[in-house]
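Novice: Line by line, the protein sequences give chains A and B. With our numbering, the residue at position 102 of the first sequence is 102, and numbering never jumps. With our numbering, the residue at position 102 of the second sequence is 102, and numbering never jumps.
Note that these hints are calculated values from the structure, not bench results. Any given hint could be a false lead.
Cut-off 30 Å, straight-line C-alpha distance, at most; resulting in silico cross-link-like pairs (DSS-like, lysine-lysine) [claimed, not checked]: (1) B/Lys40 / A/Lys103; (2) B/Lys40 / B/Lys94; (3) B/Lys97 / A/Lys103; (4) B/Lys40 / B/Lys97.
Pair ranges (Cβ atoms, derived) [as the list claims (entries may be wrong)]: (5) B/Gln111 / A/Ala78: 28 to 34 Å; (6) A/Asp75 / B/Arg9: 23 to 29 Å; (7) B/Thr39 / A/Thr151: 30 to 36 Å.
Ideal Cβ positions, reconstructed from N, Cα and C, are used throughout, including at glycine.
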Amino acid sequence: MSGSTDLPRRSFLQTLALASAGLLGVGAFGQSTRLLGVERPAGPDDPEIPNEAVARIYRERFGGRPITRGHVQLDMPAVAEDGRIVPVIIESDLPMTPERYAKGIHLIVDHNPDAHVAGFYLTPAVGQVSISTRIKMKRSTWVRAIVETNTGELWADYTQVRVTLNGCG
Amino acid sequence: MAHAIGDARIRIPDRITRGEIITVNSIVSHPMDTGFFRTKDGDPIPAYFIDDVVITYGGDEIARFEWTSGISRDPVVTFTVRADREAPLTMTWKDNKGGVYRQSVDIAFTQA
């Protein structure tokens with residue numbers, strides 16, 4: 001990356017730090033999930049909530065409801081050579097019937113400037129959950145695919161991606 | 001490859017039978033600028049990205065995607081549709097500067 005991107009990157013980090021300090025009322029970054037006000041029964045393999053941005057997504061989108069690993073498959077490369085183009089495949093075996101279906105898929109990249117990269121809102125007319133696209137990644141981090149059903153269940157899969165070239169500037 | 005912003009293509013299978021779940025591939029030309037980069041002269045490149053995608057089938061909205069500049073340049077997205085009637089499938093992409101781009105394909109069943 002050229003040096004011309006350094007300034008915006010620094011100011012972004014400063015903004016993020018200030019924002020998190022203001023929201024938490026303290027200066028510390030990387031608090032435990034309890035201090036960030038997120039209640040969820042984390043499994044042993046589940047990634048921690050790493051920052052206020054992800055904590056806010058969990059609060060605003062999921063209201064602190066439990067998220068269980070399962071019924072979702074998030075496929076991404078273990079190593080992304082170019083963070084500008086990282087393939088993502090999200091699939092689920094959840095039914096797509098009018099009575100019970102996956103109504104929303106949230107793709108979260110923990111350390112991206114905008115962590116909630118995409119939301120995919122579906123109806124039973126799509127027949128199954130099978131979405132693929134290409135995203136940008138700033139650096140190595142956890143990626144989360146969280147599926148919400150029309151009945152309010154939350155299912156997830158997580159994967160770690162190592163990024164060689166920053167794709168966000 | 002001089003595609004204009006908003007040029008879009010949707011691809012569906014050549015042969016479709018009634019009730020089949022088909023895979024739909026799509027691509028739209030768009031810079032998807034994050035707002036974090038600068039030109040060689042140091043001028044900031046403002047954020048310019050598709051933030052909303054609506055998919056209709058026979059006029060009914062069947063899916064909607066909420067995007068950010070975290071989607072790669074020239075966005076591709078693949079999804080499925082249960083082909084239960086002969087009707088147009090339309091995708092409408094909207095960007096944060098008011099641009100609206102639309103593309104359609106007709107879902108028709110293979111004659112036996």
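Novice: State for each hint whether it applies.
Specialist: Evaluation of the provided hints:
Using a Cα cut-off of 30 Å, the hinted pair B/Lys40 and A/Lys103 is violated, with the two alpha carbons roughly 43 Å apart. Between B/Lys40 and B/Lys94 the alpha-carbon distance is near 28 Å, which keeps this suggested pair within the 30 Å criterion. About 28 Å separates the Cα atoms of B/Lys97 and A/Lys103, which keeps this hinted pair within 30 Å; it holds. Under the criterion of a C-alpha separation no larger than 30 Å, the hint pairing B/Lys40 with B/Lys97 is consistent with the structure, at around 23 Å.
Taking the beta carbon of each, B/Gln111 and A/Ala78 are about 46 Å apart, not inside 28 to 34 Å as hinted. As the Cβ distance of A/Asp75 to B/Arg9 is approximately 24 Å, the hint placing it in 23 to 29 Å holds. Between B/Thr39 and A/Thr151 the beta carbons are some 49 Å apart, a value that contradicts the proposed interval 30 to 36 Å.
Hint check: violations occur at hints 1, 5 and 7; the rest are consistent with the structure.
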